[in-house]
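Colleague: If you want the building blocks of each chain, they are given just below.
Protein chains: 2
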Amino acid sequence: MSNLRELPIVETAAAGVVPCCAPLAREPLTAPDAERLAVMFKALGDPVRLRLFSMVASHEGGEACVCDIQDVGVSQPTVSHHLKKLRDAGLVTSERRGTWVFYKVVPEVMATLSGLLGQKV
Amino acid sequence: MSNLRELPIVETAAAGVVPCCAPLAREPLTAPDAERLAVMFKALGDPVRLRLFSMVASHEGGEACVCDIQDVGVSQPTVSHHLKKLRDAGLVTSERRGTWVFYKVVPEVMATLSGLLGQKV
DNA sequence: GCCTTGTTTCGACGTCTGTCGATATCCAGA
DNA sequence: TCTGGATATCGACAGACGTCGAAACAAGGC
Numbered sequence: 001m002s003n004l005r006e007l008p009i010v011e012t013a014a015a016g017v018v019p020c021c022a023p024l025a026r027e028p029l030t031a032p033d034a035e036r037l038a039v040m041f042k043a044l045g046d047p048v049r050l051r052l053f054s055m056v057a058s059h060e061g062g063e064a065c066v067c068d069i070q071d072v073g074v075s076q077p078t079v080s081h082h083l084k085k086l087r088d089a090g091l092v093t094s095e096r097r098g099t100w101v102f103y104k105v106v107p108e109v110m111a112t113l114s115g116l117l118g119q120k121v
Numbered sequence: 001m002s003n004l005r006e007l008p009i010v011e012t013a014a015a016g017v018v019p020c021c022a023p024l025a026r027e028p029l030t031a032p033d034a035e036r037l038a039v040m041f042k043a044l045g046d047p048v049r050l051r052l053f054s055m056v057a058s059h060e061g062g063e064a065c066v067c068d069i070q071d072v073g074v075s076q077p078t079v080s081h082h083l084k085k086l087r088d089a090g091l092v093t094s095e096r097r098g099t100w101v102f103y104k105v106v107p108e109v110m111a112t113l114s115g116l117l118g119q120k121v
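Note that the protein sequences, when read in sequence, are chains A and B. With UniProt numbering, the residue at position 23 of the first sequence is 23, and numbering never jumps. With UniProt numbering, the residue at position 9 of the second sequence is 9, and numbering never jumps.
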């Protein structure tokens, strides 16, 4: 009985259903759960993407313009490519405002992942 | 100044230095930190590996024989390959006992990752 | 309408990754 | 010492991935 199904993973922004104690260490993940969660971990599994994610997460207001974070040592198209990956993985959302595009971290993501690995959320 | 350098990442089993509040969202990761952490996330970024990791973590005693966890839908060499990846990423350790090989989760890993993403550890 | 700046998409390239079957290694019993 | 079960390594292959430059798209200012 996977209580992960009730976790606010990716698209399901469920209410307040939260795990209590590192579900990942309480019982084996089911194949479907692993499938969905691995998407997130994989997205964070590239150094450039991890930095971009961290830059967005730590930027004031919880969101960042692409222009603010594109200095990570790769070309600008590559940055865009990585941001798209993060978006496809459900970790961030993007919004165009005038000339610029802003990325922000999906609120539930941090709680989901840290709740999955950690003791308390 | 990246306080992640003091985190017990992979090989550094430092004493009790622990982050307070989602470092990943407090300040941008440095490139070297991102490099090291991405290795862990990447290792968890495959569904089969994530399940194996979860199976080891949730197994009684905190360790599992390969024979206990190799039923994940892929061939035995593939399981061995994935376990090696998890080991190389510093997430698990292995130990041969007689005929069997046991894997266990590196203790600091859960705290490191959940502390990185979460509020409290 | 036409530039200019910011961002995404496209096409291509080399490398990495997950998977397998076959084979090798390790160890406990007989 | 031989045999059999448990894991690991090897070699190969298809597909995914990260990267780039070039080109396309979007929006604002002239």
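Some hints here could point you the wrong way.
If several chains are the same, the list does not tell them apart, and a pair holds so long as it fits within one copy or across any two.
The calculated DMTMM-like cross-link candidates involving lysine to aspartate or glutamate, where the alpha carbons are at most 20 Å apart (straight line), are [what the hints assert, rightly or not]: (1) K42 with D68; (2) K85 with E60; (3) K104 with E27; (4) K42 with D88; (5) K104 with E63; (6) K42 with E95; (7) K85 with E95; (8) K104 with E35; (9) K42 with E60; (10) K104 with D68; (11) K85 with E35; (12) K84 with E63; (13) K104 with D46; (14) K85 with D46; (15) K84 with D71.
In case anyone wonders, no lab produced these hints; they're calculated from the structure. All figures in this text were calculated on a predicted structure; none of them were measured in a lab.
Colleague: Indicate, hint by hint, whether the structure satisfies it.
Modeller: Each hint tested on the structure:
In the homo-oligomer, the alpha carbons of K42 and D68 never lie at most 20 Å apart, since the shortest distance is 24 Å inside one protomer and 25 Å across protomers. In the homo-oligomer, the alpha carbons of K85 and E60 never lie at most 20 Å apart, since the shortest distance is 22 Å inside one protomer and 36 Å across protomers. When the C-alpha separation of K104 and E27 is checked against a cutoff of 20 Å, the pair qualifies only between copies, where the shortest distance is 15 Å, while the shortest distance within a copy is 32 Å. For the identical chains of this complex, K42 and D88 are neighbours both inside a copy (11 Å) and across copies (16 Å), given an alpha-carbon limit of 20 Å.
In this assembly of identical chains, K104 and E63 lie within 20 Å of each other by CA distance solely inside one copy; the values are 4 Å within and 38 Å between copies. For a Cα distance limit of 20 Å, the shortest separation of K42 from E95 qualifies neither inside one copy, at 23 Å, nor across copies, at 27 Å. Within a single copy, K85 and E95 get their C-alpha atoms as close as 15 Å, which meets the 20 Å cut-off; across copies the closest is 37 Å, which misses it. When the C-alpha separation of K104 and E35 is checked against a cutoff of 20 Å, the pair qualifies neither within a copy, at 24 Å, nor between copies, at 22 Å.
In the homo-oligomer, the alpha carbons of K42 and E60 never lie at most 20 Å apart, since the shortest distance is 26 Å inside one protomer and 27 Å across protomers. In the homo-oligomer, the alpha carbons of K104 and D68 lie at most 20 Å apart inside one protomer (12 Å), although the nearest pairing across protomers, at 41 Å, exceeds that limit. For a Cα distance limit of 20 Å, the shortest separation of K85 from E35 qualifies both inside one copy, at 16 Å, and across copies, at 18 Å. In this homomeric assembly, K84 and E63 come within 20 Å of each other (Cα to Cα) only inside a single copy, at 15 Å, whereas the closest approach across copies is 38 Å.
Only within a single protomer do K104 and D46 lie at most 20 Å apart by alpha-carbon distance; the minimum there is 18 Å, versus 25 Å between protomers. For the identical chains of this complex, K85 and D46 are neighbours both inside a copy (10 Å) and across copies (15 Å), given an alpha-carbon limit of 20 Å. Proximity of K84 and D71 under a CA criterion of 20 Å is satisfied intra-copy only: 16 Å inside one chain copy versus 34 Å between copies.
Going down the numbered hints, you'll see the structure goes against 1, 2, 6, 8 and 9, while the others check out.
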